[in-house]
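Going down the list, the sequences are from chains A and B.
Counting from 0, one number per residue, gives the positions in the first sequence under numbering that gives the first Met the number 0.
Counting from 0, one number per residue, gives the positions in the second sequence under numbering that gives the first Met the number 0.
Mixed in with the good hints, there may be bad ones.
[Claimed, not checked] Computed list of lysine-lysine pairs in DSBU-like fashion (alpha-carbon distance at most 35 angstroms, straight line):
id	chain 1	residue 1	chain 2	residue 2
1	A	LYS142	B	LYS116
2	B	LYS116	A	LYS58
3	B	LYS75	A	LYS119
4	B	LYS75	A	LYS102
5	A	LYS171	A	LYS89
6	B	LYS55	B	LYS116
7	A	LYS150	B	LYS116
8	A	LYS89	B	LYS102
9	A	LYS89	B	LYS116
10	A	LYS250	B	LYS75
11	B	LYS116	A	LYS102
12	B	LYS75	A	LYS150
13	B	LYS102	A	LYS146
14	B	LYS116	A	LYS250
15	A	LYS231	A	LYS193
16	A	LYS146	B	LYS75
17	A	LYS119	B	LYS102
18	A	LYS146	A	LYS119
19	A	LYS168	A	LYS102
20	A	LYS89	B	LYS75
21	B	LYS55	A	LYS231
22	B	LYS116	A	LYS178
23	B	LYS102	A	LYS102
Since the hints were derived computationally from the structure, they do not count as laboratory data.
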Amino acid sequence: MGCEKLEFNISNLNENNITILGHGGMGIASTYPMNSFESIAYCLNLGADGTEIDIEMTKDNVLVSFHDYELSDRTNVSGNIFNKNWDEIKDATYINPIYTGYKIINLDMLFSNLGTHRNKIFAFDCKNFNPDTSIQYRTTFCKEVLKIIDKYNIQNNVLLELKREDIIKTMKSMRPDLKILVYADYANGILLAKKYQLQGIVVSNDNITKEQVLAAHQNGLLVTIFNVHSNKRNIEAINKNADIIETDKLKHLLRVLR
Amino acid sequence: MKVLIIIFFLCINFNLKTYSQSKPDKISTNVVFIEIAGLGGYGSLNYEKLLARKNKFRYTARIGLSTYRIRDFTNKFNPDIILPITVNALFGNNHKIEIGVGKTYTNIVRANSFDFKPNRSSEFTTIFSFGYRYQKNTPGLLYRCAYTPILSFNNVLRHWLGVSLGYSF
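Bound-form chain A, shown alone:
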């Protein structure tokens, strides 16, 4: 375990810097559950540039920080968030680690208690597990996201990571000023980003090469790399010249880049 400083020759669209975001806060292997207040707050208090947050919407249109399709995968409540009202899940606690009882949180509660950390960068990974493709659903979802953005004045430091093309289209028409990155495989990501004039793509570290990052940059597209859950993968993502890294090994990435 050497302590030597690593030198990197970064060339990207982010002024040759790499924005360091936590993955749901402290990442998948942390003793804080991803997307819990504790995980996100710890990530920001350690000095990350910001964090990625997974977002789902309840039946009564409350935005919740949660990663999974099924609540029982991580909490003591079962079902899907999109089929529940907020009151039905507000007391849900994460089942891991044992004994800890960290609670699920909604986006409004999260941002109202982040204090000065609100100035940091937030990547909203919009899960949209709800199979509803109606105009009403799309419009409602986008409006709720925009309510949070405008209430907490984070227009300039939020990145919207969208998977569904219908949501991209709706959000782009409602707020063309916001930064949108498409969450897809490399080829489809480039196509959609060009089609809707988006700011960039979000791709797994396993599915993108250094050459592809360069090609994206040549198209004027930022590249966010996720699925970075080891020190080795942190270094890989840096060497690929990512603009943004969403890491599960935050402390290591802060050490090597700061």
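Assemble the complex: chain A is given as a structure, and chain B must be docked to it using the hints.
What follows is chain B alone, placed relative to chain A:
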């Protein structure tokens, strides 16, 4: 004369044997062991004391110490505390079956529901263990593995396991 000499040496030999007795083995009454996973969550350091024994039965009390983190989410020193406490019944000679029941006391730092500042709260969680142990009654190494279900305060039954290595003295 020769016969007398032989008889003399035989008597000495007999007497020497008569006076050489072995000391009784010391019974170990204390155990320290490290448990991986198990009742401490991800691991714990434990001390166990023999309370009583009869025939092949031993009755013990155990206390452990564990933590998940030393710093809280504001990055200040503020450790979590996890203390599993059980009473156990063991049966066997060197190879033992063990059954235990008890409570884990936890004092965990979470975000307060109102102002989201760090807030400690204490809970007691019911714990069990059913397992196998290799431990001689005299001082030495011990090994154990156990099924350690945990009935959490948030009404979740966790199926869990623990393996241990320790020393009795």
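Hint check:
no. : hint                  : result
1   : LYS142/A <-> LYS116/B : 30 angstroms, holds
2   : LYS116/B <-> LYS58/A  : 29 angstroms, holds
3   : LYS75/B <-> LYS119/A  : 21 angstroms, holds
4   : LYS75/B <-> LYS102/A  : 21 angstroms, holds
5   : LYS171/A <-> LYS89/A  : 31 angstroms, holds
6   : LYS55/B <-> LYS116/B  : 52 angstroms, violated
7   : LYS150/A <-> LYS116/B : 22 angstroms, holds
8   : LYS89/A <-> LYS102/B  : 27 angstroms, holds
9   : LYS89/A <-> LYS116/B  : 18 angstroms, holds
10  : LYS250/A <-> LYS75/B  : 15 angstroms, holds
11  : LYS116/B <-> LYS102/A : 14 angstroms, holds
12  : LYS75/B <-> LYS150/A  : 30 angstroms, holds
13  : LYS102/B <-> LYS146/A : 46 angstroms, violated
14  : LYS116/B <-> LYS250/A : 22 angstroms, holds
15  : LYS231/A <-> LYS193/A : 31 angstroms, holds
16  : LYS146/A <-> LYS75/B  : 33 angstroms, holds
17  : LYS119/A <-> LYS102/B : 42 angstroms, violated
18  : LYS146/A <-> LYS119/A : 18 angstroms, holds
19  : LYS168/A <-> LYS102/A : 33 angstroms, holds
20  : LYS89/A <-> LYS75/B   : 28 angstroms, holds
21  : LYS55/B <-> LYS231/A  : 53 angstroms, violated
22  : LYS116/B <-> LYS178/A : 31 angstroms, holds
23  : LYS102/B <-> LYS102/A : 23 angstroms, holds
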